[in-house]
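Quick note, the sequences are listed as chains C and E, same order.
Letter by letter, the first sequence follows residues 1098 to 1337 in our numbering.
Letter by letter, the second sequence follows residues 15 to 259 in our numbering.
Please keep in mind that the hints were generated in silico from the structure rather than gathered at the bench.
It is possible that part of the hints are untrue.
Claimed, not checked - List of simulated lysine to aspartate or glutamate pairs, DMTMM-like, C-alpha gap at most 25 Å:
1. C:Lys1111 with E:Glu39
2. C:Lys1308 with C:Glu1284
3. C:Lys1308 with C:Glu1283
4. C:Lys1111 with E:Asp167
5. C:Lys1304 with C:Asp1293
6. E:Lys101 with C:Asp1129
7. E:Lys53 with C:Asp1293
8. E:Lys101 with C:Glu1154
9. E:Lys54 with C:Glu1284
10. C:Lys1308 with C:Asp1193
11. C:Lys1111 with E:Glu86
12. E:Lys105 with E:Asp92
13. E:Lys101 with E:Glu127
14. E:Lys32 with C:Asp1120
15. E:Lys101 with E:Asp91
16. E:Lys54 with E:Asp236
17. E:Lys101 with E:Glu86
18. E:Lys53 with E:Glu71
19. E:Lys101 with E:Asp113
20. C:Lys1308 with C:Asp1293
21. C:Lys1308 with C:Asp1119
22. C:Lys1304 with C:Asp1120
23. C:Lys1304 with E:Glu71
24. E:Lys105 with E:Glu127
25. C:Lys1308 with E:Asp113
26. E:Lys32 with C:Glu1151
27. C:Lys1308 with E:Glu86
28. E:Lys54 with E:Glu39
29. C:Lys1308 with C:Glu1104
30. E:Lys53 with E:Glu36
31. E:Lys32 with C:Glu1104
32. E:Lys32 with C:Asp1107
33. E:Lys53 with C:Asp1120
34. C:Lys1111 with C:Asp1193
35. C:Lys1111 with E:Glu26
36. C:Lys1111 with E:Glu36
37. E:Lys54 with E:Asp66
38. C:Lys1308 with E:Asp78
39. C:Lys1304 with C:Glu1104
40. C:Lys1111 with C:Asp1129
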Amino acid sequence: MPVTVPESGDPITKASVTGMYDDVRAVVNAQDESTVSRATFGIQHVPSIVQQAEFLEVTTPVTVTGSPYGFGTPPPTFDEITTIGTWQVLAPYTFDNGGAGFTLNGGIVLMYCSIRWSEQAVKYGSGAAPGCAQELWFNFNYTVNGVLYQLPQNSRMLRNTIDMSYGTLASPSVPVPDPSFPQRVEETVTWWHVLDLRALTPTFNFKMGVKAMTQRATGPYTSDCTLPNGHIGFVNLYGG
Amino acid sequence: MLFFPNGVMPGEVIDPDKLAREFIEAANLAGQTNQWQWKKDIFNTDYLRGLDCCRIEQSQVACDLQSVQGAEPILPDDPGADSNIWKIPFKRGFMPMGDGTPAGTLQLQWTTEYPELVLIVLTCQYVRRLDSSDEFMNPGDDCIRMQARIQLDGAVLPGTGPFGTPIYTVRGTGYAQNTAALSTIYVGVIPAGTHVVQGVAGQSDNAHVNAETVFQAPAPVDKVCIGTRSLFAVRFARGSLLVGA
């Protein structure tokens, strides 16, 4: 918008000055995104889109305990949908700011976790045929304002097929030294999840955690599963 | 926004042209600004709260493998298998995860008027039935090899896909283990326009001389599956050159 200015030689009047002020004011007040050129705003002007980013590197090994049941012993109940609540809590992966939880300010929450399964460490029982398959299930859960979400769609499973035992049939539930144990597995479970929590204002409490359970798929026994290291974390972003 | 007028000095005769330039300059600055007109930290975090400074698109499918103690997961084409489990076509290349319908396919689609930085994540459960080759596998075994990728606007993105320890010496043919809990991630800048992102997967064997008809039992066309799966994209606006009005 042009500014109407007095002609050279004209007397400067109150009206001519206020007229120019009004013209400038009109331009400034009508300013929108179309008048802002590229790269106008940089990191020096705009705050980070990341509200909070936290992660935990876990180097404390954790063992998911297998079930030392043998012949004639009922296997523990397992169902990937209904038994998640009873699964073993992986304590090193409890990410809750020392129990208090993290205070977030709404927006988007990106969650991620990666855990390495290195080996099956202890053998229970004997007499199983080679080819026993063991499943190791993980559930990545989170808590928002005290409400725990351990959803089946956030469960993942790794399966390892090894010769689980060549021990004696007489004492199937007693761990038997076996040179084939521990056996290397070297599988990694990774998981991401995104939440749109813009509706939660002004703040909300947030925690993350992991549960695990191992069960046999084929064969009569399960062994302990060693998880030597991993990491867990989240990124809280503005927007949505 | 910053503007520093010169003003009229004491004793100076007011020149209408000089005085007018003060206002004209102010109008020009306001009409097409650059970073030098704005103070540091001019926007606080309240400015970002609730805005679409980044956006998310997501698609997810939950599956029940019906895994119970002492039994294999129930996978297609077993009776009673969860209908959401997607069976990977054998030797058909990369195919979109899902049944091909817009509702059943793991797919994101959006239109943007500006270039965007995107973070795309595909995370899913891969599982296949056990077979005899799992225990005593040799490089020549016809073990199933799976590959999963992110597909952006029809192009399978290189560099995405599951990582797994190759079994024995067979490398580069895909993932040979019988399960994977995988996440693949892409970060890149994409231009303005309409974009379609899909999770895709394919499977084959590693024995090039064998036709699928001579594949060992069970047939690879069954029980090689993607279970629970999720695909999401976080879009960060990049902006573009806009000329002043």
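Hints versus structure:
1. C:Lys1111 with E:Glu39: Between C:Lys1111 and E:Glu39 the Cα gap is close to 20 Å, so the pair holds against 25 Å.
2. C:Lys1308 with C:Glu1284: Holds: C:Lys1308 and C:Glu1284 sit about 17 Å apart, inside 25 Å.
3. C:Lys1308 with C:Glu1283: The hint holds at about 19 Å.
4. C:Lys1111 with E:Asp167: violated (62 Å)
5. C:Lys1304 with C:Asp1293: holds (15 Å)
6. E:Lys101 with C:Asp1129: violated (51 Å)
7. E:Lys53 with C:Asp1293: violated (32 Å)
8. E:Lys101 with C:Glu1154: violated (35 Å)
9. E:Lys54 with C:Glu1284: violated (48 Å)
10. C:Lys1308 with C:Asp1193: Satisfied, since the Cα-Cα distance of roughly 14 Å is no more than 25 Å.
11. C:Lys1111 with E:Glu86: Violated, at about 90 Å.
12. E:Lys105 with E:Asp92: At roughly 21 Å apart (the allowed maximum being 25 Å), E:Asp92 and E:Lys105 satisfy the hint.
13. E:Lys101 with E:Glu127: violated (36 Å)
14. E:Lys32 with C:Asp1120: holds (17 Å)
15. E:Lys101 with E:Asp91: Since the Cα atoms of E:Lys101 and E:Asp91 sit roughly 9 Å apart, the hinted pair holds (cutoff 25 Å).
16. E:Lys54 with E:Asp236: violated (61 Å)
17. E:Lys101 with E:Glu86: holds (16 Å)
18. E:Lys53 with E:Glu71: violated (34 Å)
19. E:Lys101 with E:Asp113: Distance of about 9 Å is within 25 Å: holds.
20. C:Lys1308 with C:Asp1293: holds (23 Å)
21. C:Lys1308 with C:Asp1119: violated (66 Å)
22. C:Lys1304 with C:Asp1120: Violated, at about 54 Å.
23. C:Lys1304 with E:Glu71: holds (23 Å)
24. E:Lys105 with E:Glu127: violated (38 Å)
25. C:Lys1308 with E:Asp113: This hinted pair is violated, its Cα atoms lying about 31 Å apart.
26. E:Lys32 with C:Glu1151: Roughly 56 Å separates the two Cα atoms, so the pair is violated.
27. C:Lys1308 with E:Glu86: holds (21 Å)
28. E:Lys54 with E:Glu39: It holds: about 22 Å lies between the C-alpha atoms, which stays within 25 Å.
29. C:Lys1308 with C:Glu1104: violated (80 Å)
30. E:Lys53 with E:Glu36: holds (21 Å)
31. E:Lys32 with C:Glu1104: Measuring from Cα to Cα gives roughly 11 Å; hence the hint holds.
32. E:Lys32 with C:Asp1107: This hinted pair holds, its Cα atoms lying about 13 Å apart.
33. E:Lys53 with C:Asp1120: Since the Cα atoms of E:Lys53 and C:Asp1120 sit roughly 24 Å apart, the hinted pair holds (cutoff 25 Å).
34. C:Lys1111 with C:Asp1193: violated (66 Å)
35. C:Lys1111 with E:Glu26: Distance of about 18 Å is within 25 Å: holds.
36. C:Lys1111 with E:Glu36: holds (16 Å)
37. E:Lys54 with E:Asp66: Holds. E:Lys54 to E:Asp66 sits at ~22 Å (cutoff 25 Å).
38. C:Lys1308 with E:Asp78: Roughly 18 Å between the alpha carbons, so the hint for C:Lys1308 and E:Asp78 holds.
39. C:Lys1304 with C:Glu1104: violated (69 Å)
40. C:Lys1111 with C:Asp1129: With a Cα-Cα distance of about 30 Å, the restraint between C:Lys1111 and C:Asp1129 is violated, given a limit of 25 Å.
Hints 4, 6, 7, 8, 9, 11, 13, 16, 18, 21, 22, 24, 25, 26, 29, 34, 39, 40 from the earlier list are contradicted by this structure; the remaining hints agree with it.
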